[in-house]
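For the record, the sequence lines run as chains Z and E. So for the first sequence, the numbering used here puts the first residue at 1; every next one is plus one. So for the second sequence, the numbering used here puts the first residue at 396; every next one is plus one.
Everything labelled a hint here was simulated from the structure, so no lab data went into it. Do not rely on the hints blindly, as some may be mistaken.
Only pairs whose alpha carbons sit at most 30 Å apart, straight line, appear in this in silico BS3-like list of lysine-lysine [to be verified]:
{"#": "1", "chain 1": "E", "residue 1": "K606", "chain 2": "E", "residue 2": "K455"}
{"#": "2", "chain 1": "Z", "residue 1": "K329", "chain 2": "E", "residue 2": "K455"}
{"#": "3", "chain 1": "Z", "residue 1": "K12", "chain 2": "Z", "residue 2": "K261"}
{"#": "4", "chain 1": "Z", "residue 1": "K24", "chain 2": "Z", "residue 2": "K60"}
{"#": "5", "chain 1": "E", "residue 1": "K724", "chain 2": "Z", "residue 2": "K60"}
{"#": "6", "chain 1": "E", "residue 1": "K656", "chain 2": "E", "residue 2": "K407"}
What follows is a list of derived Cβ distance ranges for each label pair [stated by the list, open to error]:
{"#": "7", "chain 1": "Z", "residue 1": "A197", "chain 2": "E", "residue 2": "A755", "range": "51 to 61 Å"}
{"#": "8", "chain 1": "E", "residue 1": "D731", "chain 2": "Z", "residue 2": "E324", "range": "42 to 52 Å"}
{"#": "9", "chain 1": "Z", "residue 1": "R163", "chain 2": "E", "residue 2": "A605", "range": "56 to 66 Å"}
{"#": "10", "chain 1": "E", "residue 1": "D528", "chain 2": "Z", "residue 2": "G371", "range": "47 to 57 Å"}
Treat the numbers as computed from the prediction; the structure is a model and nothing was measured. Glycine included, each C-beta is placed from N, C-alpha and C at the ideal position.
There are 2 protein chains.
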Amino acid sequence: MLTENNGVTAPKGFRAAGVACGLKPNGALDLALLASDSDCACAGVFTTNRVQAAPVVYDKQVLATNPDSIRAVVANSRCANACTGDAGLEDARAMAEAAAQAIGRRADQVLVLSTGVIGTRLEMAKIRAGIADAAPRLSIEGGADAARAIMTTDTRPKVYALRFTHYAIAGMCKGAGMIHPNMATMLAVITTDVRIAPNLLNQALHAAVAKSFNRVSVDGDMSTNDTLLVLANGASGFEIGDLEIRDFTNALTQVAIELAKQIARDGEGATKFVEINVTGAASEHDAARVAKAIANSPLVKTAIYGADANWGRVVCAAGYSGVEVEPNKMALWFGDVNVFARGTPTNFDEADSTRAISGADVTIRLDLGMGRANATVWTCDLSHDYVTINGKYRT
Amino acid sequence: MLTENNGVTAPKGFRAAGVACGLKPNGALDLALLASDSDCACAGVFTTNRVQAAPVVYDKQVLATNPDSIRAVVANSRCANACTGDAGLEDARAMAEAAAQAIGRRADQVLVLSTGVIGTRLEMAKIRAGIADAAPRLSIEGGADAARAIMTTDTRPKVYALRFTHYAIAGMCKGAGMIHPNMATMLAVITTDVRIAPNLLNQALHAAVAKSFNRVSVDGDMSTNDTLLVLANGASGFEIGDLEIRDFTNALTQVAIELAKQIARDGEGATKFVEINVTGAASEHDAARVAKAIANSPLVKTAIYGADANWGRVVCAAGYSGVEVEPNKMALWFGDVNVFARGTPTNFDEADSTRAISGADVTIRLDLGMGRANATVWTCDLSHDYVTINGKYRT
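Just chain Z, same shape as in the assembly:
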């Protein structure tokens, strides 16, 4: 059973709220609070950018000492609290303390997330007022508002939930710009009501991320704030041990993939969602590397935007991916139209190939002819609107 609307509150024992505290000038929701009725095991994946925002530094400190009694996550949009020095770290801590106080817990049981403009301080008076406003509104229905409150240039909220026989897994995320496949690529919070040890949860999370958030790309940039958190509160009473970890990891991966695809689909300025399948690789690592080179190529992305079945750019990107490929062994499809085989273009009908990339969903498959491994990466096209949005984001 899918319960998509509320996202993170689909598993038992989670409540959420999203409020407008005045960070966004248009009065839109800009502060989210997620709370669990009981202590959560928690694991996180954070940006590998050497420039790390204050919330990232803060959360890593909390999880290093307290991965098994997290109670809440508080998040804001509009301000990333990045490049804000020691004062910014104090702000992150104060934000956690305010949320902890509002729900009657300790500060080291609260994690913080921020997204938005880099280099400006958090407006703490508004943050505190927002938290005070949000705490009494915590509810199961509030999951939908929470997902809206973390949006920046996202055009729609991103939530997903899967309910299994014994437990549920759900999530919300925000993406849009600065998405890169090398790491936790955005803000995401996944909740589940299983009971699980933090180290097992951490292991499942990393496996899931490798096949989901690390396989999505919008523009190749990687932000200072990228964070993915997973909270497990045990409210279902179902325990994940060594016997169940494989199924649970698969389930978690399924949710993570769905959230990651929503991010690619809503990339800044995106008019098309693009799935790139690389097959016939010598290793999964090779397959993913080739797929990411294709997904990150501005020339491929603009060609898809223009509905130009420019197979040469795809083959070219594979060629510079760093993976040993042989053009004479490659075969390429746009949709189900085979456009390239054995080193040269096929005798395909141009109208067919154009049709194959003219819809809102485009699939590209490149077979390398080198082995049996494969990987899928999701991205979007590069449009005029991407340039418009990013030429004017800050000001």
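Following the hints, complete the assembly by docking chain E onto the known chain Z.
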């Protein structure tokens, strides 16, 4: 003394021609022939893309066996002769043979260059007719036409020449799209009238490329055809030996930098030329890596297009460059406006920073505070026109 107009024919003993043989549908110049009156030492740098166009494969074969008696280079635009299989390699050889016959030399004394669309065969009848037309037109004045004939989406021909006391060095190139710093990044031919052994010339070329063509970036893509050739015909009588090699390498680097900058300035859709100086690095390698990460960031490039002094994106790109940087040690300038220092933005005047990136030439300097090495990379902004051009190039 600068003799910029004719480019490659500025050194003694070179003649060139550019003709229209019907490859470009609008009747523009599309075939270039460059010939030397005497045998040339020759060195080349070629794309590292695993998918290599036929002319690249052919030229490498020729240079492997015959680096000291090259007589001519024949080049065409509109068709890259890439992904054309064995037949394409035969076409490249036939193109060299036709040019050799037209100037009365052997086929293995002629190198070929092609640029344009991938995956279509060369129209050999037109190529042959063009070569027959070009040969009798070879002249010193023809250098200008040759530079025009290799243009694709370039908006202007790119030539440069420097005359020294004892010799001259000159070049022509074409760039525009698919420019990437990891390799010889376009088509370029450099001529000089010094006498030099092929191995010394090769050594000088690689040193020059490392600080010029490998430091320019338009969109991060790397083509199947990228080639840089340097021909030295000895016509000045001045010999470059171990004593002179250092000065000669510096001179060659100067010419190569000027040509590379012309490519960045004329990047597809470019409205601004951007110079990125990274200083205070632990090594030159680190400095170049950080500068390239900044130069390749779509978010930085769109911000510059929009005249948004978005210092956060520059700092962020440095952070994910893979180099060990510390935000607290960084300082950043747009033009001469210091916008970031010690981990946080300075109290700069927004009007000043906007002015600093509103002109046609933008300089960004990032000091890493980690050492004394530095590197400069050249690029351009990412505009609406880039998307327009590349959404419609092939069709």
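- [ ] Against the earlier hints, flag every one the structure doesn't satisfy and list their numbers going up.
- [x] none
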